[in-house]
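Peer 1: Okay, here's what each chain looks like letter by letter:
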Amino acid sequence: MGGTGGPDKLIVNGKRLDSRKLDELRPLTIKAGTIPNAEGSCELQMGETKVIAAVYGPKEVLPRHLEESDRAYLSAYYDMAAFSTTDRCRPGPDRRSKEIAKVMRDALAASIILEKYPRTSIAVYVEVINANAGTRCAAITAAAVALADAGIEMRDMPIGVAGGKADDTVILDLDNQEDNFGQADVPLAILPRTKEISLLQMDGHLTKDEIKTIFSMCSKASDNIQKAQKEALLAKYGREKNE
Amino acid sequence: MILENKMTNKVIVKDREIVIPGDILAEGLDYLPSGRAFRDKDKLYASSMGLVNIKGRVIKVIPLAGKYLPAEMDAVIGTIVSTGKHGWQVNINAPTKADLNILDASNSYIDKRRAKPSDFFQKGDIAFAGVDKISENGYVSITMKGGMYKKLIGGVTISISPTKIPRVIGKQGSMIKTLKDKSKCDILVGQNGIVWMKGEPEMLFKLTKAIKLIEKESHTSGLTERITKLLGGKK
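Chains as they are written, first to last, in the numbering used here: chain A, 1 to 243; chain B, 1001 to 1235.
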């Protein structure tokens, strides 16, 4: 945010540096069921950001004292691969990944019907293979697909998308340059069915109107992202559908 | 909250359509959710990825994936994992272990004061049992009472996805009949995705291959012929 050494202008003639429109998402590809050993899994690429998600469970809770008698215990783990950034990223949990795992857990917990699985645990693992801004949003979108692939009951499929500001203009789905040299970054998790928001963070300065524009932009984008999620899941069972 | 049925009642999905969590199934209070479907105000939604099944006013979503979740009256195959004072803990391929009380260990009457757990089951034994009761907070108890349940001696077990079990059994048991006739093995199928079989080692090997093929290609037609061929259709 506000770093030095970036490009002079991030938006030229209403177009962004990667020739996207202001409210255009990066190309999104999702593949479900890529890890056979996991109960459910997903591989997601959003522009140059690439993440894989795996879901294990419902299974017994370990350690036992975390067990809850009326609902499942949901744990989330977020990690960046050592080779995911331009400089080597020290592997293992750090302050940042622990925070992202926490907000990701909360964003997903809003949609999972945890009461259906008492005394069990559901574990979500997300590994970032290549980071190019928006990894926590990609992580949530991928985790939702992996959860659905695992057959876990959910009220909705949450999606993650970011809004922000660069060159005094509100934009959607920031890439690395816009994130580093822009003015604001607002990652959101949205439940597309009800348009409820289960994650809201903000870095930078925005006016009330700008926030409202970001909300409506992201809410519109949520339908497109969910369409991609659905296509990925149907593709796995596509052959069965044509039966 | 009392909802007035002002909306036009209509089904939005088609029968046998694949839905994902959050997909709308129907509008209005005339329809009832079943299986992996739920109601939010006056609309029905799917709560899991699955196939839609419409039967009159009931809209059901049958899950396509997922772990085995026990239901009362299910017939399951489990392995004894530990012996306690009053019974056993049994692994039935579900998220949590099931309890088998010593009083339910056999079809005949058991005198609790005299019976020892080791008289019936030991760690590692395989049991064909029925799910008796599931408590509110997810404790599963199973029973050996009921004609068909028994301790399984010898044989091997393999595990497949519980959602594919109906295909292994087939329409009116046609597939399982083919498997039994062609392999001349004893086969028992638990609704938890565990298949137990006993017979000639060579045949068991072929049978394992056949069952894995059914699991993998459960959606294709003409499967029975391929299975017959695999198990040596000449006989």
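Just so you know, these hints were derived from the structure itself, not from any lab. Worth double-checking, as some hints may not be accurate.
Unchecked claim - Each computed SDA-like pair below joins lysine to any residue, with the alpha-carbon atoms no more than 20 Å apart:
| hint | chain 1 | residue 1 | chain 2 | residue 2 |
| --- | --- | --- | --- | --- |
| 1 | B | K1097 | A | K236 |
| 2 | B | K1180 | B | G1222 |
| 3 | A | K195 | B | N1093 |
| 4 | B | K1133 | A | R71 |
| 5 | B | K1116 | B | K1133 |
| 6 | A | K59 | B | N1093 |
| 7 | A | K227 | B | I1024 |
| 8 | A | K236 | B | N1093 |
| 9 | B | K1216 | A | D223 |
| 10 | B | K1043 | B | R1057 |
| 11 | B | K1184 | B | T1163 |
| 12 | A | K116 | B | R1057 |
| 13 | A | K236 | B | I1062 |
| 14 | A | K195 | B | R1039 |
| 15 | B | K1164 | A | G33 |
| 16 | B | K1145 | B | Q1122 |
| 17 | B | K1014 | A | A109 |
| 18 | B | K1060 | A | R71 |
Here the structure is a predicted model, which means the values were calculated and not measured.
Peer 1: Can you list which hints this structure breaks, lowest number first?
Peer 2: 1, 3, 5, 8, 9, 11, 12, 17 and 18
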